[in-house]
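Given the coordinates of chain A, assemble chain B onto it according to the supplied hints.
Number of protein chains: 2
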Amino acid sequence: MGLDHAAIKPHEQMAERFDGKLTAVNALIAERMASRHAPRIPQVTAHLVEAGGKRLRPMLTLAAADLSGYVGDHDVRLAATVEFIHTATLLHDDVVDESAQRRGRATANLLWDNKSSVLVGDYLFSRAFQLMVETGSLRVLDILANASATIAEGEVLQLTAARDLATTEDIYLQVVRGKTAALFSAATEVGGVIAAAPEVQTRALFDYGDALGIGFQIVDDLLDFRGDTAATGKNIGDDFRERKLTLPIIKAVAAADATERAFWQRTIEKGDQRDGDLEQAIALMHAHRTLDATQADALAWIARAKDALAPLPDHPVRQMLADLADYVVARVS
Amino acid sequence: MGLDHAAIKPHEQMAERFDGKLTAVNALIAERMASRHAPRIPQVTAHLVEAGGKRLRPMLTLAAADLSGYVGDHDVRLAATVEFIHTATLLHDDVVDESAQRRGRATANLLWDNKSSVLVGDYLFSRAFQLMVETGSLRVLDILANASATIAEGEVLQLTAARDLATTEDIYLQVVRGKTAALFSAATEVGGVIAAAPEVQTRALFDYGDALGIGFQIVDDLLDFRGDTAATGKNIGDDFRERKLTLPIIKAVAAADATERAFWQRTIEKGDQRDGDLEQAIALMHAHRTLDATQADALAWIARAKDALAPLPDHPVRQMLADLADYVVARVS
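Those sequence lines, one after another, are chains A and B.
If you're matching positions, the first sequence starts at 1 in the UniProt record's numbering and goes up one per residue.
If you're matching positions, the second sequence starts at 1 in the UniProt record's numbering and goes up one per residue.
I should point out that these hints are in silico values taken from the structure, not numbers from a laboratory.
Incorrect hints may appear among the rest.
[Unchecked claim] Pairwise CB distance ranges, derived in the manner of DEER restraints:
| no. | chain 1 | residue 1 | chain 2 | residue 2 | range |
| --- | --- | --- | --- | --- | --- |
| 1 | A | Ala30 | B | Pro42 | 33 to 41 angstroms |
| 2 | B | Asp170 | A | Ala30 | 22 to 30 angstroms |
| 3 | A | Asp170 | B | Arg163 | 47 to 55 angstroms |
| 4 | A | Ala27 | B | Asp257 | 49 to 57 angstroms |
| 5 | A | Ala283 | B | Pro42 | 39 to 47 angstroms |
| 6 | A | Thr168 | B | Gln43 | 17 to 25 angstroms |
| 7 | B | Arg261 | A | Asp19 | 22 to 30 angstroms |
| 8 | B | Gly72 | A | Ala255 | 50 to 58 angstroms |
[Stated by the list, open to error] What the simulated footprint calls covered on chain A by chain B, stretch by stretch (three residues with Cβ under 8 angstroms from a Cβ of chain B suffice, anywhere in the stretch; the number is not a length):
| no. | segment |
| --- | --- |
| 9 | 145-156 |
| 10 | 210-216 |
It should be emphasised that the depicted structure is a prediction, and the values quoted were computed from it without experimental measurement.
The C-beta atom is built at its ideal place from N, Cα and C for all residues, glycine as well.
The shape of chain A in the complex, shown without the other chains (with noise of 0.2 angstroms):
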């Protein structure tokens, strides 16, 4: 590896590796959106899928099969499923309920596109079952489908969990294996599975894909706290307008006294936020060194995932796959 790979990312690093099978999967993502009856459908996700994302979950994909020595052009199918998936749950998730719009944040034209958001995710959902079906794996559509599964209640899990205090760590994973790590392990596993791997092996893959969904996500969470605005694009504190109970918080709640926990009550269970509250709530973390232990949480998930990365044969790709994982976490760092 030349000096000039050193500055680059894992993930472009992955991209240049895949970038003949990327192409063949931004091709079929293309072929598989546009509707005959509905010119609609691509209008909406156009932005989404086109807009050139990273790709990480389709990567996975890719990079497991090419690990686990798979030719033939399944691995393509598969990473298109796993983001018209990912592309569909967002669609899902942009829906939204009567708390955002009481908060004054929906505009009409947010409104206007709930219901095409559902249905188009409901296509790319359906577009996505077809091409996995298309690989002629039942073992594979059976790995999707709990996924899939697994996505949905984590959602709904997550719609209920959110603004009570109650919400424990446990909670709080069981969100996050279905909002992020479910389809990251499912993403790598079938890439193992349609290479025919060693059961050994695809175990791995899953492992390696559940804890790197893990680490990614609290991660997530962790930068909408202390990130640099201009470097991630997100808004710090997002989460906490939102009234989200994520890592850091479930965490400064279980360390409040009564007076913060009448802090945590009004801003997050009763949603009354003032100025000052969103430096009040990170003053308190810092006071408990919350952001700190979330850091420590995800270097834990971290290095689980590159554990994980140990039954696996000695490929160029697992090195790029123990990379991407410490670069999720650098993010923070």
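The following block gives chain B in isolation, referenced to the frame of chain A:
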């Protein structure tokens, strides 16, 4: 068939024949609807799934399997599958768009449930997907994946065609195939597929379900203008108030002179509806005999459904399916 049976409606006769199977379907639905992590899920779905609807779609699957000589319990899994898909689409249809709010129809409670409706619908869809994977039949998965895509595409098409006077009878037919017929035809076809019925029979079962579904939806749209509210539970004119381009209106628009066209533009395209407009709309449909023409179309589809049954074996269930087709259209005769 005894005298007592003569008074029994076809779907009740089928429910009697499939009593044991339907009990198993209901038990399976209750079992798979449950969520260890998210108790809101059964809460949201209970009123839909347990309300004891006619279970028309599950019965079509049971009937098709029985008629094809199927022995086993995959018919029960697939019957629950189609009911879950049906319920998921109902939940997603419930999502409110801005226009509904603008007209002041949506209550706060309805809105609060937007997000629940979406996510619980996704959960049911995933559960359906798991159930069909359990049948181990890639052909069944292919049929239901294609049906799901047709359903989603039809829903998006309906959204974009809404309030558009340029909507043709062809577009209406595509929408109806998506919103109703795709699941009917998949329900009957998979019943034949799991029984390993000859190709000509699975094709006949598909054709029957397709034509029955189209006839069923046309009758439903007709009842919106011609029904007896007490008998159907539908309010006359709901579709008109929601500015839906259903067949009786499409035919009336096609026959409209300049003054009538202005009326449709004002009431449907602009949504400016006043007292007496519904009566005027119905008067125009009578003037152009579009309700009669719509009924004739429904009768033609029902005749096609019955004709499709010809290649199927001589079996008591075949007559029940023919009677069911007649019953569907008898609702408006």
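**Request:** Could you tell me which of the numbered hints above are not met by this structure, giving the numbers in increasing order?
**Result:** 7 and 10
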